[in-house]
Amino acid sequence: RSGDIQELCAIARPDHGLVTNIGEAHVEGFGGMESIIRAKCELYFCVRGNGGTIFVNGEDALLSRMCKGGARVVYGGKKGVVRGESLGEFPFLACDLVVGEERFRARTRLVGEYNLNNVVAAVAVGMHFGVPPAEAARAIEGYEPSNRSQWLESEWNTIMLDAYNANPSSMKAAVSHFAGMPGENKLLVLGEMLEMGHRSADAHRELLELVESLGLRHAYAVGAAFEGLEGRFPFVRRFGTTGELAEFLREHPVRRSLVLVKGSRGNQLERVIEYL
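Residues 17 to 292, numbered by our numbering, are exactly what the sequence shown covers, in order.
One should not assume that every hint holds.
[To be verified] Between beta-carbon pairs, the in silico distance windows are:
hint : residue 1 : residue 2 : range
1    : Q22       : R271      : 42 to 52 Å
2    : E169      : F264      : 19 to 29 Å
3    : W167      : E228      : 36 to 46 Å
4    : E267      : E105      : 55 to 65 Å
5    : T257      : G231      : 20 to 30 Å
6    : R221      : L24       : 28 to 38 Å
7    : E160      : P198      : 38 to 48 Å
8    : G231      : P30       : 41 to 51 Å
9    : G244      : R271      : 43 to 53 Å
10   : R154      : E75       : 41 to 51 Å
[What the hints assert, rightly or not] Simulated pairs of lysine-lysine, DSS-like, Cα-Cα distance not exceeding 30 Å:
hint : residue 1 : residue 2
11   : K84       : K95
12   : K84       : K56
13   : K188      : K202
Derived by calculation from the structure, the hints in this document are not laboratory data. Just so it is clear, the structure is predicted and the values come from calculations on it, not from any experiment. Cβ atoms here follow ideal geometry from the backbone N, Cα and C, with glycine treated the same way.
Construct the entire structure; sequences and hints are all you get.
Below, the structure is given as structure tokens:
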């Protein structure tokens, strides 16, 4: 809700702040994108008021505009203290971190090129606090994700697990990346996007329209927000709860497939992994 970040800042009094991006999330509590932007930028206002430093992605025009005034560290883009270049490797993100004339390679355990900005942000923060970029790159290589951008190999399938959270922005990034991955038998396991308020019906329809446009033709959808969409999108089979999907998977095993599991935290979709 609006004011939550401001309230927390009044308690913690942060002197450094970073907003990685602003997506269409928690609409139910905010009402729309303008309110989401104002709420996220409460962190900027508080850090500035404390005489602190803001970290900002130089390639994000909105955030660059919102954080003007006061001290800031820019990463990414042509003027950033560090920028990243994806090496296009599969399945994990591998990148070069460019600091001045030097390059530091990092081969991560993160799935999805959309994590590149997160890696660059982490290195920028580390550098600011005295961590050499080569050491930061090694630390990132040693990071093992859990339940977010995670790659799993089961006895029967290969799974991309990203069940920590979901909103239209992150869904679009994950599904689009998944569609471009090599593999013939692809299955989407999608949990409903919670806290979408008045945008819920449109957001879930638009998600399935995206799935259809990308040529993906096999999806299991969990949650009431997908109700009524099966007729329009015949490649979708809907389940009311994650438990119902787990029971179905027990009786109808999935084999030799590449599976994306993506949904809001409330869906707890990681519960179906043992059946995949």
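Does 36 to 46 Å hold as the CB distance between W167 and E228, or does it fail?
The hint (36 to 46 Å, Cβ to Cβ) is violated, given that W167 and E228 are roughly 26 Å apart.
Range first: 43 to 53 Å. Now tell me if the beta carbons of G244 and R271 are that far apart.
Violated: the Cβ-Cβ distance is about 30 Å, outside 43 to 53 Å.
Quick check: does the Cβ-Cβ distance between E160 and P198 fall within 38 to 48 Å?
Taking Cβ atoms as reference, E160 and P198 lie about 23 Å apart, which means the hint is violated.
Assessment of proposed distance window 41 to 51 Å (beta carbons of G231, P30)
45 Å, holds
So if I understand the rule, the pair passes when the alpha-carbon distance is 30 Å or less; does K84 with K56 pass?
Cα-Cα ~14 Å, so holds.
Is K188 close enough to K202, meaning Cα to Cα at most 30 Å?
16 Å, holds
Holds or violated: K84 to K95, with C-alpha atoms at most 30 Å apart:
Measuring from Cα to Cα gives roughly 15 Å; hence the hint holds.
Are E169 and F264 spaced within 19 to 29 Å by their CB atoms?
22 Å, holds
Looking only at beta-carbon atoms, does the pair R221, L24 fall within the given range of 28 to 38 Å?
34 Å, holds
For the hint 55 to 65 Å, verify it against the beta carbon of E267 and that of E105.
37 Å, violated
Within 41 to 51 Å: is that where the Cβ-Cβ distance between R154 and E75 falls?
Between R154 and E75, where Cβ atoms are some 25 Å apart, the hint is violated.
Assuming the hint says 42 to 52 Å, is it satisfied by the Cβ distance from Q22 to R271 or not?
Cβ of Q22 to Cβ of R271: about 51 Å, so the range 42 to 52 Å holds.
In summary, the structure is inconsistent with hints 3, 4, 7, 9, 10 from the numbered list given earlier, while agreeing with the others.
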